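Peer 1: Residues per chain are reported as follows:
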Amino acid sequence: MVEATDIASRGAPDLLSLAADFTWRSGPDFRIEDAEPLDVGCDPAVIQLLRGARLDRLAQRTLYPAQGEAFGDLLNRLAPMRDVALSFVQRDGSVVNFTLTGTVQADGGYIGVGKVWSGRPFDEQHRGELVELLERAEANRNREVRLREEADVLLASLRALIQPSPLADKCADLFNLFSRLLRFEEALVVRRRTRDELLAVVSTDPALTGLKWPAGDIINAALMGEALVVPDLSTLQEWNDFPDAIRKRFRNALVAPITIGNEAAMLVALHSKPGFFEPSQLALMQRLSLIATQAFEVDEQKNVLINTAKLATLGELMTVIAHEISQPLSVIAMAVKNAKLALEAIAENPNAGAAERAIVDAKLDRIHSQALRAGEIIGAIRTLAHPDRRTLGLRPVSVTEIMDNIRNLTEGSLRNRGIELVCEAPPYCRALKANPVSLQQVFLNLVVNARDAITEYCKRRNEPTKGTIHVAVYDDGISDRLVVEVQDTGGGIPRDVMNRIFDAFFTLKEVGHGSGLGLAICRTLMTDMGGSISAFNREGGAVFRLEIPTYVEEATH
Amino acid sequence: MTKGTVRSSGKKPTILVVDDDFDLRTELAELFGRVGYDVLEASNGIEAVEVAREKRPDVVLMDVGMPQLGGVRAAEIMTLLRHTEQVVLMSGNPEMVAEAASHRGLAPIVLNKPLSFDICRRVIDSLVKPGQ
Chain A
1 MVEATDIASR GAPDLLSLAA DFTWRSGPDF RIEDAEPLDV GCDPAVIQLL
51 RGARLDRLAQ RTLYPAQGEA FGDLLNRLAP MRDVALSFVQ RDGSVVNFTL
101 TGTVQADGGY IGVGKVWSGR PFDEQHRGEL VELLERAEAN RNREVRLREE
151 ADVLLASLRA LIQPSPLADK CADLFNLFSR LLRFEEALVV RRRTRDELLA
201 VVSTDPALTG LKWPAGDIIN AALMGEALVV PDLSTLQEWN DFPDAIRKRF
251 RNALVAPITI GNEAAMLVAL HSKPGFFEPS QLALMQRLSL IATQAFEVDE
301 QKNVLINTAK LATLGELMTV IAHEISQPLS VIAMAVKNAK LALEAIAENP
351 NAGAAERAIV DAKLDRIHSQ ALRAGEIIGA IRTLAHPDRR TLGLRPVSVT
401 EIMDNIRNLT EGSLRNRGIE LVCEAPPYCR ALKANPVSLQ QVFLNLVVNA
451 RDAITEYCKR RNEPTKGTIH VAVYDDGISD RLVVEVQDTG GGIPRDVMNR
501 IFDAFFTLKE VGHGSGLGLA ICRTLMTDMG GSISAFNREG GAVFRLEIPT
551 YVEEATH
Chain B
1 MTKGTVRSSG KKPTILVVDD DFDLRTELAE LFGRVGYDVL EASNGIEAVE
51 VAREKRPDVV LMDVGMPQLG GVRAAEIMTL LRHTEQVVLM SGNPEMVAEA
101 ASHRGLAPIV LNKPLSFDIC RRVIDSLVKP GQ
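Chains as they are written, first to last, in my numbering: chain A, 1 to 557; chain B, 1 to 132.
Calculated directly from the structure, the hints in this document are not laboratory data. Computed from a predicted model, the values in this text were never measured in an experiment. There may be inaccurate statements among the hints.
[To be verified] With a straight-line cut-off of 30 Å between C-alpha atoms, the simulated DSSO-like cross-links for lysine-lysine are:
1) 12(B) <-> 340(A)
2) 248(A) <-> 273(A)
3) 129(B) <-> 340(A)
4) 129(B) <-> 11(B)
5) 12(B) <-> 129(B)
6) 129(B) <-> 55(B)
7) 212(A) <-> 248(A)
8) 212(A) <-> 273(A)
9) 11(B) <-> 55(B)
10) 11(B) <-> 340(A)
11) 55(B) <-> 12(B)
12) 11(B) <-> 466(A)
[What the hints assert, rightly or not] Chain A is nowhere near these chain B residues, computed Cβ spacing over 10 Å in every case:
13) 34
14) 56
15) 76
16) 104
17) 125
[Unchecked claim] Interface residues of chain B toward chain A, partial, derived using beta-carbon atoms under 7 Å:
18) 21
19) 24
20) 31
21) 65
22) 93
23) 117
By construction, the Cβ of each residue, glycine as well, lies at the ideal position given by its N, Cα and C atoms.
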């Protein structure tokens, strides 16, 4: 050991009060330019390690990361250091430990002393800490990977949730995503169908759909809103009541409650290996059930929206309808009056009989035809307004019939605006496989949109309203689809909104004039029928192109 | 029956019947002819304005929803130019028409469709032959 004065003579720092084993000095670049043992007992390995080494590198390499970081910080701030403990592994596996104390010199370098710590306790303490740190980091990384995967799945399921796809597809997507996390073999949704019957209504395996789920502990727990793991289904009382399809394939179940509408139901994940699911997976399962609940809810809301918008369309059309129906009724009233006056004229002057009688005849004919005209309009409205027929399914539909209906409904309001409706169809046209009400609604929506587009276009150009709506049916007789195009002369769809027109709540009409749902609903209806709808511009107008599956007679069994 | 045709002569009041619906227009024209009016016809607002300028009808009975020029707008023009004394409108949505007309500073009589000829005649008579 050396007295502090020795170092002080070389310009040593004033804080040297420690017994030191070596002295050291670094340049402004932190390279240790000099390291000298002060005691023969000083471990030469330390001196060797220090000579030519850089302090900042040593700070990074020490086995004691927290201390290293603090050391680096001191270096960066050129602050005096005191008893900074550093520790390094040697090639032979042994560990050297030493502490450094030093002060900054005018040139930016350090000068100081150090002490070697013969190291087992130091070393083992560090190793223990290190191992613990490593383990914790590893655990964190695993947890992070798992959380990231969970987040990915949740995000993807939310995306699936807002896709405009049918409920069944949506559930399939969700199940698919969650199987990545839960690793179940099959999953199903069980809900009460009749008073006593619990059925699997949605399932990853079509073979399981419609299976009856027995009453018992599981269903009781789920309906009470409890999530649970059933390690082995065969230990349950109700095991024997399960259908064979389940008993043969599955033993392990993860169950979570789910809400469909206001009704309690349950979500079940199944696996063949008893004890496969862990209680820690319950939280995840519950999250799945929450998202599935949303899926059912969104589905119900979509139906509500469709009906609301249908009502809105009806509301817009009420004006048209009032006009259309009152017109023939007025004619009838007048014709009756005329016929009556003609009859009075005959009574007063029997000589004028023949001419007046011809008038009465003509009036009666006119009354008849006007009554039929009113009847036709009412018929068209009735098919449109009935809310439940959409679910009735697909059947053969004549496209020309639909076109006639639409023509009857809209021609009056179109004529009033100076818009011509031209319908074209080949003389023979195959039947469509569609829902007539849905299809009619789509047609009507497109024609009304075209009407509004033309009106708006002419108004913008300060011209009297004038235009043509062209509805054309194309049947190539070969493909399994028929094409219908509705074209207007309303200037076309601006290019920047072309890809948004089918979005819900997007509208080009003035505020208060469009719900923004019309085309969104058209697309939903077309997709439901297995068809499609697209839009493009042609010759100064917008074209909406429908592709609708043709009806194929099913083979008799 | 062409537009602007004078049905009969004499010192009868003149009515201009305007409707784009041929059936209704001819029935109305025939009826008013029977009850002692000179009847003019027009099938849309523009024709109506032209006929009114030329023939100066005592009263105009006009539909609201018509191509090219609607009834409310035509009524506004005729009233402004004093081509006629009175305009009576017909509509399936009379409230909406009254609303639209009031925006243009008009307060026309609006008859509800489906139309009753008796009411229609009473209104028209009261306008054309006051005090009778």
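Peer 1: Would you mind marking each hint as holding or not holding in the structure?
Peer 2: We went through each hint and held it up to the structure:
no.: 1; hint: 12(B) <-> 340(A); result: holds, 23 Å
no.: 2; hint: 248(A) <-> 273(A); result: holds, 12 Å
no.: 3; hint: 129(B) <-> 340(A); result: holds, 24 Å
no.: 4; hint: 129(B) <-> 11(B); result: holds, 12 Å
no.: 5; hint: 12(B) <-> 129(B); result: holds, 10 Å
no.: 6; hint: 129(B) <-> 55(B); result: holds, 18 Å
no.: 7; hint: 212(A) <-> 248(A); result: holds, 15 Å
no.: 8; hint: 212(A) <-> 273(A); result: holds, 22 Å
no.: 9; hint: 11(B) <-> 55(B); result: holds, 14 Å
no.: 10; hint: 11(B) <-> 340(A); result: holds, 26 Å
no.: 11; hint: 55(B) <-> 12(B); result: holds, 13 Å
no.: 12; hint: 11(B) <-> 466(A); result: violated, 41 Å
no.: 13; hint: 34; result: violated, 5 Å
no.: 14; hint: 56; result: holds, 25 Å
no.: 15; hint: 76; result: holds, 16 Å
no.: 16; hint: 104; result: holds, 17 Å
no.: 17; hint: 125; result: holds, 15 Å
no.: 18; hint: 21; result: holds, 5 Å
no.: 19; hint: 24; result: holds, 5 Å
no.: 20; hint: 31; result: holds, 6 Å
no.: 21; hint: 65; result: holds, 4 Å
no.: 22; hint: 93; result: holds, 5 Å
no.: 23; hint: 117; result: holds, 4 Å
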